[in-house]
Amino acid sequence: MRYLPHTQEDIKEMLAVTGRTSLDDLFDTIPDAVKTKDGLNLPDPLSEWDLNDHMEKLASDNIACKGYTCLIGAGSYDHYIPAIIPYLVSRSEFATAYTPYQPEVSQGTLQGIYEFQTMVTRLLGMDIATASHYDCGTALAECALIALRKNKKANKIAVSDLVHPSHRQTIETYLKPTGYEMVLIPHTTEGVTDTTALDGMDDIAGLAVQSPNFFGHIEDLGAFRKVADAKKIRFIASFTEALAWGILKNPGSFGADLVAGEGQSLGIAKSFGGPGLGLLAGTSKLMRDLPGRLVGRTKDTNGKDGYVLTLSTREQHIRREKASSNICSNNGLNAMTAAMYLSTIGKIGIRKIAQLNHDKAVYLKSVLTGAGFTPVFDTPFFNEFVMKAPKDFAQKRADLINRHCMFAGLDLAQFYPELTNHYLFCATEKVSRQEMDQLAKEVA
Amino acid sequence: MKEINDLNLPEDVKYTKDHEWAKLEGDTVTIGINDYAQDQLGEIVFVELPEVGDSFAAEEEFGSVESVKAVSEMYMPISGEIVGVNENLEDAPELVNEDCYQGGWIIKVKPSDNAEIDALMDKAAYLEMLKG
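Chains as they are written, first to last, in the working numbering: chain R, 110 to 553; chain D, 2 to 133.
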């Protein structure tokens, strides 16, 4: 759907139908007290030339990852985006479309979303995936609410303290007005979520564990399935790095009831932290409890394939306050991007990229160790890991940004106060051996 | 949609204001939705059932029934414990449309207080309510 502004003719015609003489007359019902009297306080218009100058000056205050070496992940990853992705996704048929409000006329969009759902279910090993959410945090909060709604007798959700700190905050925000409570599951000295911590917890409707977790470590999801079974609660798996499933066993194969994930790694630019892409998948048992859009495939009266929005009876325009969620939007364009990315790289490609990520991270960890960093954990990781830095690293890190255009690790003390001088590093397929060697030389 | 006089409303069951029916047989009460409810909802595609062993108070929500156009909650006519659910509805929810008093029953309940059943509406009282 294109954006076409109204012409003076259009406005005149519509006013004639309403029987009003002007736009002011049309908005006559708005009380004077709430109307602005002196107009908006805006600067004078700029010429195109001046405006471009102004915008470029503003943009240059930001540091974009382009031209920098980014060794930070933590929920937003610097992956290579094949040229075909921006070309395809910026076509106006896709770029201007929102969640279609007259969906069945947009068969192309619906088919794209249907393919996206199919690829997400295959990537995660789940029965059903929704047509996207804003980001992992909101998808995870929705999963927590599903678990709480399905278990009417429990009021708490147990969340690993190695779930991304921002996602835990999002859950807290969602739960605040509901009367439900989030309790934290602590982690062990190996940097993984403590399965035994759940023993003493009661009144729990579900548990949520992120893998790879915030420290980059691979969690034993099978063990959490067992804990969930023993406590008869729902098991939610989350992740921030979708490419990990290129080489790791997916959450569905461990029997996750619900999966919430970040899909930014799937061909979507970091864009200073958003918009991302919330992936949400479940078992077919929970089909009617999932929030958000779903596209289904059916046959039309001529026997041809057709795509439709389906199971809308869960949604608020039909079910009002009993809807499975108040989410009535999606990140359609980013879902389309992810579908394009996954079909571009394919099953073999995702495996190769995932392996490259892991191999480079292993190399980075070894050169940093050689340069005086101390590895903190000896636990299997994907493309992120924690290191204790030498004393003078904070200053060197600032110099690396300014002098060598390199972001070397994320300070963990802001999230885990006990981890002062500890940094979370990430290596993706984009970082070269030379860059990693250079980092080691600079910090040694 | 059926006219009120065309509705199939058996004499041997009790009715609620939310259009459920309840029938005491031995020491269990069978509960479903009545002909008016299934007719209003249209083609039923899913019935959400409680679990055996769950207990509910009278008028508490125990499940929902989804048709192609809406989802409606079902409310307990009486208080009690669920002792049976109609598992056939999982694969054949249309039984509720086709045969709402026999094959399309929804739950069986062990009542906490038989007096609650007597207090429900009979056919005449229910018809009067429908006619408003």
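If you are wondering where the hints come from, they were derived from the structure by calculation, not from laboratory data.
Note that this is a predicted model, so its numbers are computed, not measured.
Do not rely on the hints blindly, as some may be mistaken.
[Claimed, not checked] So these bits of chain D aren't anywhere near chain R, every CB distance computed over 10 Å:
| # | residue |
| --- | --- |
| 1 | 2 |
| 2 | 10 |
| 3 | 18 |
| 4 | 24 |
| 5 | 44 |
| 6 | 49 |
| 7 | 67 |
| 8 | 112 |
[What the hints assert, rightly or not] The calculated BS3-like cross-link candidates involving lysine-lysine, where the alpha carbons are at most 27 Å apart (straight line), are:
| # | chain 1 | residue 1 | chain 2 | residue 2 |
| --- | --- | --- | --- | --- |
| 9 | R | 358 | R | 285 |
| 10 | R | 262 | D | 70 |
| 11 | R | 261 | D | 3 |
| 12 | R | 394 | R | 259 |
| 13 | R | 431 | D | 18 |
| 14 | D | 111 | R | 259 |
| 15 | R | 262 | D | 124 |
| 16 | R | 262 | R | 175 |
| 17 | D | 70 | R | 413 |
| 18 | R | 259 | D | 3 |
| 19 | R | 394 | D | 70 |
| 20 | D | 124 | R | 431 |
| 21 | R | 358 | R | 261 |
| 22 | R | 259 | R | 340 |
| 23 | R | 505 | R | 539 |
| 24 | R | 431 | R | 408 |
| 25 | D | 24 | D | 3 |
| 26 | D | 3 | R | 341 |
| 27 | D | 3 | D | 111 |
| 28 | R | 539 | R | 461 |
| 29 | R | 379 | R | 394 |
| 30 | D | 124 | D | 24 |
| 31 | R | 431 | R | 358 |
| 32 | R | 261 | D | 111 |
| 33 | R | 431 | R | 456 |
| 34 | D | 124 | R | 408 |
| 35 | R | 358 | R | 262 |
| 36 | D | 24 | R | 341 |
| 37 | R | 261 | D | 124 |
| 38 | R | 539 | R | 175 |
| 39 | R | 431 | D | 70 |
| 40 | R | 394 | D | 109 |
For each residue, glycine too, the CB sits at the ideal point set by N, CA and C.
Consistency of the hints with the structure:
1. 2: 19 Å, holds
2. 10: Answer for residue 10 (chain D): holds, closest chain R Cβ roughly 27 Å.
3. 18: 19 Å, holds
4. 24: 27 Å, holds
5. 44: 12 Å, holds
6. 49: 7 Å, violated
7. 67: 5 Å, violated
8. 112: Holds: least Cβ distance 21 Å, greater than 10 Å.
9. R:358 - R:285: 34 Å, violated
10. R:262 - D:70: This hinted pair is violated, its Cα atoms lying about 30 Å apart.
11. R:261 - D:3: 37 Å, violated
12. R:394 - R:259: 11 Å, holds
13. R:431 - D:18: 20 Å, holds
14. D:111 - R:259: With Cα atoms ~23 Å apart, residue 111 (chain D) and residue 259 (chain R) stay inside 27 Å; holds.
15. R:262 - D:124: Measuring from Cα to Cα gives roughly 36 Å; hence the hint is violated.
16. R:262 - R:175: 50 Å, violated
17. D:70 - R:413: 24 Å, holds
18. R:259 - D:3: Not OK: residue 259 (chain R) and residue 3 (chain D) at ~35 Å, beyond 27 Å, violated.
19. R:394 - D:70: Measuring from Cα to Cα gives roughly 21 Å; hence the hint holds.
20. D:124 - R:431: Violated, at roughly 31 Å.
21. R:358 - R:261: 32 Å, violated
22. R:259 - R:340: Given that 27 Å is the threshold and the Cα spacing comes to 14 Å, the pair holds.
23. R:505 - R:539: Since the Cα atoms of residue 505 (chain R) and residue 539 (chain R) sit roughly 23 Å apart, the hinted pair holds (cutoff 27 Å).
24. R:431 - R:408: 30 Å, violated
25. D:24 - D:3: 23 Å, holds
26. D:3 - R:341: 44 Å, violated
27. D:3 - D:111: 33 Å, violated
28. R:539 - R:461: 13 Å, holds
29. R:379 - R:394: Outside the cut-off at roughly 34 Å; violated.
30. D:124 - D:24: This hinted pair holds, its Cα atoms lying about 12 Å apart.
31. R:431 - R:358: 36 Å, violated
32. R:261 - D:111: Judged against 27 Å, a Cα distance of about 21 Å means the pair holds.
33. R:431 - R:456: Violated. Residue 431 (chain R) to residue 456 (chain R) sits at ~40 Å, over the 27 Å cutoff.
34. D:124 - R:408: 43 Å, violated
35. R:358 - R:262: At roughly 33 Å apart (the allowed maximum being 27 Å), residue 262 (chain R) and residue 358 (chain R) break the hint.
36. D:24 - R:341: 33 Å, violated
37. R:261 - D:124: Measuring from Cα to Cα gives roughly 34 Å; hence the hint is violated.
38. R:539 - R:175: Distance of about 11 Å is within 27 Å: holds.
39. R:431 - D:70: Holds - the C-alpha atoms of residue 70 (chain D) and residue 431 (chain R) are around 15 Å apart, at most 27 Å.
40. R:394 - D:109: 23 Å, holds
Taken one by one, the earlier hints fail for this structure at numbers 6, 7, 9, 10, 11, 15, 16, 18, 20, 21, 24, 26, 27, 29, 31, 33, 34, 35, 36 and 37, listed in ascending order.
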